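A.B. asks: Using the sequences and the hints, build the whole thing.
Residue 805 in the working numbering sits at position 805 of the sequence shown, and the numbers go up by one each step.
Think of the hints as simulated: they come from the structure by calculation, not from any bench.
Some hints here could point you the wrong way.
[Said to hold, decoys possible] Under the rule of at most 25 Å between Cα atoms (straight-line distance), these lysine to any residue pairs were calculated in the SDA-like manner: (1) K669 <-> D634; (2) K632 <-> Q670; (3) K100 <-> E707; (4) K245 <-> V261; (5) K247 <-> L259; (6) K298 <-> A341; (7) K788 <-> E677; (8) K812 <-> D891; (9) K546 <-> Q530; (10) K323 <-> H658; (11) K515 <-> D628; (12) K770 <-> P1004; (13) K987 <-> I1105; (14) K838 <-> E768; (15) K515 <-> D457; (16) K1158 <-> G89; (17) K688 <-> M234; (18) K479 <-> A675; (19) K430 <-> N377; (20) K733 <-> Y723; (21) K1181 <-> R1155; (22) K998 <-> E410; (23) K511 <-> K561; (24) K1028 <-> Q1149; (25) K446 <-> L540; (26) K1181 <-> E1152; (27) K882 <-> I868; (28) K420 <-> S81; (29) K769 <-> M930; (30) K479 <-> N465; (31) K1030 <-> D891; (32) K688 <-> I310; (33) K515 <-> K561; (34) K1030 <-> Q1149; (35) K853 <-> K1028; (36) K561 <-> I572; (37) K1028 <-> E93.
Just so we're clear, the structure is a prediction, and the values are computed from it rather than from any experiment.
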Amino acid sequence: MDLIDEKNKKKLNDYILYPENPIFNQVPDIIERTYDEMRLLHMPKAPASTKLVPRRDFMTGKIIKFEEVDLEDVGANACNSTSMRREPGLLEETTHGSSKNYPFLPGGFDELPRIKLTADNFDFGTELLTVPPGFSKGHDFANKSEFNSHSFIKIQNEHKDNINLLDDLEKDLDVQEWLKLSNQVTGSEKSNATGNQLLEYKDVDEDILKEDVRPVIEISKSNTKLVQAQWAEMVDITQPVTDFKEKVPCPAMTYPFELDVFQKQAIIKLEERKYVFVAAHTSAGKTVVAEYAIALSKRDLTRTVYTSPIKALSNQKYRDFKKMFDDVGLITGDLQINPTANCLIMTTEILRSMLYCGSEVTRDLEYVIFDEVHYINNPERGHVWEEVIILLPDHVNIIMLSATVPNTMELANWVGSTKKRKVYVISTLKRPVPLLHYLYIGSNGKSKDDHFLLVDDKGTFMDDNYKLAVQKKDEMQAKWKTVSKGKPGPKMGLNPKQETRIWIGIIEFLKRHNKMPVVAFTLSRNRCDQNAQNLTSVDLNTASEKGAVHKFFQQCLTKLKPPDRKLPQVLIMKDSLERGIGVHHSGILPILKEIVEMLFQNGLVKLLFATETFAMGVNMPARTVLFDSHRKFDGIEQRNLKPAEYIQMAGRAGRRGHDENGTVMMICKQAIPPAMEMRAMILGQPEKLCSQFILRYAVILTCLRIESIKVEDIMQYSFKEFYQKQQIPNHQKQLQAAQDTIEKMPPMGEHLKPLCEFFDAANSYIAEKKAAITYIFEKNHKLHKELKIGRVIIITSGKHFNKLGIILQISKGLSKEPNFRVLVLDHQFKNTTPEEYKDELFYKMVSLTPQNKFFHPEGIGGHAVVDIKPNDIVDITRQFVKIDADVVLRDWDQRQIERFKDTSPGTWVTKIVSELHQLNEQYNANPNSMKIFNISKEVNLFTDQEFEKRDSKDVVKDLNSVLPHTNIAGFEEEFGVVFGRKLLLRKIEELKFKNSTKNLSLYPDYCNKMKVLRALEYVDSCDEVTLKGKVACEMGQNELLITEIILCNIFNELEPYEIAALLSGLVFQAKVKEEPEIPLRLRKCVEEIYRINERIVQEELLHHISESEERLNFGLIHVVYEWARNKPFAEIMTLTDIQEGIIVRVIQQLDELLRDVKTASIRIGNPVLQHKMEAASNAIKRDIVFTASLYTEF
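C.D. replies: Below you can see the structure in the form of structure tokens.
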């Protein structure tokens, strides 16, 4: 203390004497560090690499002794390992995981080899890098004076700090005494012990984790196999399962009804822990399979994840399964209900996020059920299903439920190949309730009963009925023309009154024939609303039913605030539902859609106008399905319904156990669709399931961050690359055969080396020329005009080297390039002995040699007609010959017939051949006498940037330099040896390429996206993920754009509600009629975001990446701005013409984005931005937008 006081006094004294010196030194006092060189040798404590395992007697179970065994995955945790044996993650990350975590190793992937290095077998001189990646300097281990491995071993031996666990254990007195007691066994016990000792004892949990994936029980050995692939097998469901109770004596779940054959077969496979793919029509009973899997996991004390394509379906399934199983949970983007449940329901996107983030839920997972797996065909979201299937670990059993698709075996074979497990396909085309398809051509009045059966319950198209319907409709049209006297008729569009008359007529018809309830699929949101409004005079409910609807509606509205209960859409829907008419589409508020669904299930909605989303998922059948039109707008064009779309919607007709048949009616308001279109739509094959896999930036960055899972593996295991992957074994066999062949070849002599150089130069020249010709014919139409019938050209095709020819015919092949028939000169007397035909490339190369530059025919009059392609054209001359090509061709074709082969050529042929012979002699005597069409000059070939990069002059120069080596005796024979060897070497290189990841169709896209990531500094020069890259991994969509916006500090000066409004431009996608009103303070920010987006787009275009969809849409920025400022929902609806349901969905997606940005702000260490994101989320998360689902309440 005295020393400190003296120092303070000295400071004060100095300050008084020298005021210019500050009393407080800005540089803090530095305590000198004492250096200890031995600290460099200090190693932190590492996890134990071994453990003691008791060795037990096989018969008695008594412990005989302990053994020390090595531990696998020592020190493995969620941040450094993909192993199932790693330490559990943090408790708060149990469900969703963390973006910092590694995912578990996907099933089917090969584990990285474990390399155990010791000082005895490690060579420090050759096996270590001298400079670490990213460093400028390093250490040369080859310099033994600096470090010697022998000295290292010597030092290691001198310091015996290792602990022998067995030695320490034996020193323990208690253990010694216990061992003495344990060793007091009889001689017979000892003999049994030595005879039955296990070689190695491991923990029970390790045995479970390493359990073989073979089935627990083999109970389904059927001799009948319909179709079988390598990894998929079609199960026979044509025969009844008579011994089901014997095969499944103790079912996990029983049903009060007799199961169908396909359901029994699926349950048998589930009991065997097999992969199952069930493809069946809507309402066939696929849910039974899912229910049994949940019951199995409950019995086994494991967990099941049920995935659905949409959030609304997840809520519905939660209610349904909650009634059947108590332990059910629901996980959505903003809600978690019972996340520790035995059965978890979520969307496929949520499961994908959990897998990438290494969720601990995966450890206990036994089944993953993919409902509506045919959604893999969806262009926008189908890739999610592929990613999830690829990422699922080995111990998870996959169950896929789908509508009927034509290529179930192909998809199953891909899944089985990816996971190395056989998939059992159970497909049924049988409908529990057969469908009858009708054409309804009536209107209100006398024609309201006019309907015609088009397709019966056996799938027979009724042509006679179709003709009668067309005839009746024509009569109605003619009558209309007579009555209307020039007024707009049906063909010119129907007015609201006419629409109303048609709907009233068909409703009366359906009521009389007891065809209610009805789902009317109207493939437009606006038409759904308009139809409901046109039927305000129609009342389908009784007084008691009206009361029930009113009571239920009011009960549901108690969840809303009083102002929200008076929204126009709520009041209109209430009035409509009380009359038994409902509307269901994406523009309806979520709570209203759920009210409609529940009332429809209870029979209180008799007529429901719906879009096709209603046909997805939950089983809500009706007695009748109506189609307002057979055409729909898919966002790009107006087109007919596809068979899969029609079948999905029509499948809602017919209630199992209630209706004998389901009725489907196509309302023909105007003209009846053509019979061919109707037949294709109703009876046509659904579209095949095709891969929609896309390589997202987030996937690339995640794989680069993890390292143990490569991007190439993800690409290779995708459905898109499945065909390519199937070819690899065949390519490997071909490669081995080619390598064996070349090894048996004798070594090439020195005298053939120049010919090898000629092969390389000629190959480059021919490839360059082919690329140029292809480019010219695709891009330039001027050349097509020059290549007319009668044009003299020089060709090389097969053994016809550099011959003059005349074009006789031009035709288009399957490809874009044309085909030509050309008359060329030939020898008069041809060799009748057939010669071996070599590769076309061989003749192309031989034609380049000086000795084959000109053709000298033997005799006069020899000619031939050959078919050539643009690549066979050597030069195009300015010479043109008048010719009757048809006469010449007929003459030639006739002389190819056996009995006319000795016939003399006709007059036209003789004249043309003679003229061509004269031109050939002139050309041989003086090549400059014939003017050649300068392709590069005439068609401006090199004005294109793509061809400016080509250095064709160097290719020609290289060829000319080696041509003298070809002027040797027996050139063709000598070159044939070189050509064969070179061709084989080229084939080996091609096969190696085909066996590599570079042959994947996605590989160029991967390379291009890596260039973008490097250019924008998401990865460094060593492909290590930077901070920007780690932030991008947190994003669910628009990874690059959102990351750039975060890191350019746009949000620093903004309030939370302004941030929410700004980010709405990244989630809103619908079109708006008017230009959006952007708040004044946000206009500069919007401009800056557009500049950032433009910079990313330009970088992508530079590297040949084109994003099809627009990333930015600020059409709701003013709406979200006011909503985040606590304006009521009714007020913000006056600011836009966008429907209520769309706005709610946008705000819900915005909340997910705000949470992603909040997580990113934690990653970059920006607490201010983190608090702003929390505030923004809280500002929008209120009232009717985030009302809890009725399915989770009732």
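A.B. asks: Does each hint hold? Answer for all of them.
C.D. replies: So, going through the hints one by one against the coordinates:
1. K669 <-> D634: Cα-Cα ~21 Å, so holds.
2. K632 <-> Q670: 16 Å, holds
3. K100 <-> E707: 13 Å, holds
4. K245 <-> V261: 13 Å, holds
5. K247 <-> L259: 14 Å, holds
6. K298 <-> A341: Holds: K298 and A341 sit about 10 Å apart, inside 25 Å.
7. K788 <-> E677: 41 Å, violated
8. K812 <-> D891: 23 Å, holds
9. K546 <-> Q530: 22 Å, holds
10. K323 <-> H658: Cα-Cα ~22 Å, so holds.
11. K515 <-> D628: 17 Å, holds
12. K770 <-> P1004: 22 Å, holds
13. K987 <-> I1105: Not OK: K987 and I1105 at ~31 Å, beyond 25 Å, violated.
14. K838 <-> E768: The hint holds at about 22 Å.
15. K515 <-> D457: 17 Å, holds
16. K1158 <-> G89: Holds. K1158 to G89 sits at ~21 Å (cutoff 25 Å).
17. K688 <-> M234: Roughly 17 Å separates the two Cα atoms, so the pair holds.
18. K479 <-> A675: 23 Å, holds
19. K430 <-> N377: 23 Å, holds
20. K733 <-> Y723: 17 Å, holds
21. K1181 <-> R1155: 12 Å, holds
22. K998 <-> E410: Holds, because 24 Å separates the two Cα atoms, which is no more than 25 Å.
23. K511 <-> K561: 38 Å, violated
24. K1028 <-> Q1149: 23 Å, holds
25. K446 <-> L540: At roughly 22 Å apart (the allowed maximum being 25 Å), L540 and K446 satisfy the hint.
26. K1181 <-> E1152: 11 Å, holds
27. K882 <-> I868: 21 Å, holds
28. K420 <-> S81: This hinted pair holds, its Cα atoms lying about 22 Å apart.
29. K769 <-> M930: 22 Å, holds
30. K479 <-> N465: Cα-Cα ~21 Å, so holds.
31. K1030 <-> D891: 74 Å, violated
32. K688 <-> I310: 22 Å, holds
33. K515 <-> K561: 39 Å, violated
34. K1030 <-> Q1149: Roughly 22 Å between the alpha carbons, so the hint for K1030 and Q1149 holds.
35. K853 <-> K1028: 61 Å, violated
36. K561 <-> I572: 18 Å, holds
37. K1028 <-> E93: It holds: about 23 Å lies between the C-alpha atoms, which stays within 25 Å.
Hints 7, 13, 23, 31, 33, 35 from the list above are not met by this structure, while the remaining hints are.
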